[in-house]
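Number of protein chains: 2
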Amino acid sequence: MNFRGMVRAPSVPALGLLALLSFLSSEPVQAGKVLVMPVDGSHWLSMKILVEELSLRGHEMVVLVPETSFLIRASANYTTKSFRVPYTIAELNANLDHIKKTAFEKPPQMTDIFVNLGNLMQFTNMQVKGCEGLLYDESLMKSLRETGFDVMLTDPFLPCGTILADSFSLPAIYFLRGIPCRLDESAAQCPSPPSFVPRFFTGYSDKMTFPQRARNTLMTIFEMFLCRKLFASADELASRYLQKDTTYKELLGHAAVWLLRYDFTFELPKPQMPNMVHIGGINCAKRGPLTKELEEFANGSGEHGFVVFTLGSMVSQLPEAKAREFFEAFRQIPQRVLWRYTGPVPENAPKNVKLMKWLPQNDLLGHPKVKAFITHGGSHGIYEGICNGVPMVMLPLFGDQGDNAQRLVARGVAEALSIFDVTAEKLLVALRKVLNDKSYKEKMSELSAIHRDRPIEPLDLAVFWTEFVMRHKGADHLRSAAHELNWIQYHSLDVIGFLILILVTVIFVIVKSCMFCFRKCFRKNQKKKKE
Amino acid sequence: MNFRGMVRAPSVPALGLLALLSFLSSEPVQAGKVLVMPVDGSHWLSMKILVEELSLRGHEMVVLVPETSFLIRASANYTTKSFRVPYTIAELNANLDHIKKTAFEKPPQMTDIFVNLGNLMQFTNMQVKGCEGLLYDESLMKSLRETGFDVMLTDPFLPCGTILADSFSLPAIYFLRGIPCRLDESAAQCPSPPSFVPRFFTGYSDKMTFPQRARNTLMTIFEMFLCRKLFASADELASRYLQKDTTYKELLGHAAVWLLRYDFTFELPKPQMPNMVHIGGINCAKRGPLTKELEEFANGSGEHGFVVFTLGSMVSQLPEAKAREFFEAFRQIPQRVLWRYTGPVPENAPKNVKLMKWLPQNDLLGHPKVKAFITHGGSHGIYEGICNGVPMVMLPLFGDQGDNAQRLVARGVAEALSIFDVTAEKLLVALRKVLNDKSYKEKMSELSAIHRDRPIEPLDLAVFWTEFVMRHKGADHLRSAAHELNWIQYHSLDVIGFLILILVTVIFVIVKSCMFCFRKCFRKNQKKKKE
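Top line first, the protein sequences correspond to chains A and B.
Okay, so the first sequence: first residue is 465 according to our numbering, each after it adds one.
Okay, so the second sequence: first residue is 465 according to our numbering, each after it adds one.
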């Protein structure tokens, strides 16, 4: 850019400063009642930020919590209502352990998609059973119904909130990164051409070769069957409980607003619908100070700085042999390492490594001395990396993490490794690249600057749309008429068939007429010849 | 909603108040250089608001103006650079008069689309010739090139700005309501399924019957030819001037950001691309006080209030007989009427009508005593009606106005009449409906409330994205990979063909194999029988 110089001009928000001040002093905000049906684990950690913010703004927040919950706890900021589920925390853990085992102990291969699917189906079915515990808890349901909520805020990764919203006739706000097999996009009637929108588990970018596009198209067809299978138990519960013939996808289609936890610094540009709002990076909104102990560790890392290493909220251990590889690699770098790890520690563990049960990930990534982030590639960690401009080494475990890693590697801000065959050597190569090759940090700083350059903060946007839906009892003006079309109508297959039929008929009639005329003429000529 | 009461809570913008205040006091805004290529007429009136705002924020604004301009004038807020065009204002007027005549004197019919197209083509070709005057003005081009602009802000209704942006290698920001035959959507690679996105000139809503969907699909095919014909002169000029084989559509595809002058209180919900930003209602941003004369006229209208009547910036006269019908209708209503009209006035003109050469439309529509708005249905007037919650009587003349009117009639906030056969009686029926049936006002107030309930003002949003593009030299992260696909690839027709080929081959092989086996068995049986 050719700048004439630095001129002080009012910022965009400043344009409305006077209006804002008068707004603050005069206009009261109406407090509503929000029913919240979260999904446990890291999903809850980002939704909690919105729940607490809405509570701060005077809204009554009621959060439904299964008895066996990993991370959803009571708080002074919101009311929790607990419901019984037909499984124990041990059973949940066993389910999770099985998923982890798949990642750690099997080489990545083509059939992973079926393994992933099987694991996911088992998890979803378990959670749908849990949902039954809530829906058929009559006294709890009665008390909820009588509360008279204004809106349902839910994570549609699991179907319970959606069924509840329909049962209570509440407008629903969906808070999500995405639903397996793109059920969110198809429910929202959002076009998603397979020619430039890669499907999950393919690891493709938006620039595909012909074979990749062909496989992506096949994956699209496969997804349709996948969805049906994956959410069969949800469809069954919805139809049974709501006493109408419906599917989870159909219920999802009634969404008022989709609050999507991504933006296009991470996700690839693709078509959107008017009721989709991007709140990627909402989990970076709140950054706290570090404890004295962590502050000292970080500051004491000197010029080399330090590395943060976590594998997400659900994975704090590694098979012993694998853990040893990590310790071995960390021994050979001059950086300090902060690692969330609760497994066995070898006797000669390197001194530059500090192990912790839990890490304040976002607070640490915001520290000026942080140099790299080793992560499994969950969307939360990724955004904390992007917000703070920290290049990454990624070890995707399951779900969307493989695709996530691919996206960041393609942007030149991360290196990816397979957790199955990671060795100290491989880790060192990747880590040294990210630490020493300046391009990773530069590209990440650029990406971070673009991500943070936005007209309104994601948390404010999420609050705005939740309140909008309460104020207007939905967001009907954003609802596409495509919801009234079936699959054939949506893609105009009936119209195309009809037009082809007309075209063929017209061609047929013309050809027949020509042939008729030709024969007539030909016969006449023959007759003449004979005569 | 079930409200617990009225609770004072901080507003969304207040959340960032401290951050904002510190931003104001510390962070300087870099001033850039913006080259502006506007389109004359009402198009300029809304773009001017953004140009002036950017100027206020310290940016250097250079506006390119053809010598024969209706409404683009010099200003202290921006520099204008004039260029010669090979037509006079009289020729421009003649062109416009021809368009008006078509509307006033011919009954609306199926073939209007060809008439509209012919008029539009004549206008576009004239303006493309005008553009040549600019592009081949070597000294002006040299001085512009040397200025070193950061961004091109242009209205792509006409192609000159786009060609210039490519020539100067500037990122382009498009400011528009839409381009004829949806060239904007196809250039942006935005999916636009004909099953629920009605085409221009059809007058359909987004809920179509089968025959309507079939016609809409045919219109889609027709549009492709239309586009080529309509912008043939632009394609030719672009290829010749830029010395490469290109089209206007291809150049448009390089857009950094599309600032779209609509939102979904007016437009029907449809798919969008990530670099599309909605700034509908930007023209309502600035409301000034009324002159003493107008204030007295408005306030003196008593309990019945007054009606505002304009047919847009380009039409201030009517054929005499038609004007008489309007005077006759106005005589019979108790409201006062403010009419932008410069034609002959009958001797016995009713006293409740005040004629003016120019109306401060948005200022008047914001007056508490305004009861209805008679308009031709241009998008600017429509938004001023929506912002201020004023129900309308619509008299579409040409272009998108027929479709615009249909959208508002469907929402129950307007009545539409044909200007060709309008009579005092018809006008009275429509006007009395809108004035006396409370539902029009109620629905319009609701629509207005939804339109004005937004997290950020459209003008601020337009300023933000212009500055974003300057800061980051474009908005590449929002650019879809679909731009690298041709039409066949985009719709996966090659992949579908390939998959069908494989399917057919597999079926063929299976059938042949079965037949082979069957024959073998059959023959064996026959042989055995013979033996």
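Do not rely on the hints blindly, as some may be mistaken.
One copy or any two copies: either way a pair holds, since identical chains are not told apart in the list.
What the hints assert, rightly or not - Think about it this way: if two alpha-carbon atoms lie no more than 30 Å apart in a straight line, the pair counts; the simulated DSSO-like pairs of lysine-lysine are:
1. Lys833 - Lys565
2. Lys713 - Lys671
3. Lys907 - Lys497
4. Lys693 - Lys497
5. Lys976 - Lys756
6. Lys835 - Lys907
7. Lys937 - Lys835
8. Lys606 - Lys545
9. Lys907 - Lys937
10. Lys835 - Lys897
Note that these hints are calculated values from the structure, not bench results.
Source: prediction; values computed, not measured.
Verification of the hints:
1. Lys833 - Lys565: Answer is neither; intra-copy 34 Å and inter-copy 72 Å both fail.
2. Lys713 - Lys671: both (29 Å within a copy, 21 Å between copies)
3. Lys907 - Lys497: between (43 Å within a copy, 26 Å between copies)
4. Lys693 - Lys497: The answer is neither: 35 Å in one copy and 56 Å across copies each exceed 30 Å.
5. Lys976 - Lys756: This pair counts as neither: shortest intra-copy Cα distance 91 Å, inter-copy 78 Å.
6. Lys835 - Lys907: Result: close within a single copy only, 14 Å intra versus 57 Å inter.
7. Lys937 - Lys835: between (47 Å within a copy, 28 Å between copies)
8. Lys606 - Lys545: Only inside one copy: lysine 606 and lysine 545 sit 13 Å apart there, 71 Å across copies, limit 30 Å.
9. Lys907 - Lys937: Classified as between: cross-chain Cα gap 15 Å, same-chain 43 Å, threshold 30 Å.
10. Lys835 - Lys897: Intra 12 Å, inter 69 Å, cutoff 30 Å: intra-copy only.
In summary, the structure is inconsistent with hints 1, 4 and 5 from the numbered list given earlier, while agreeing with the others.
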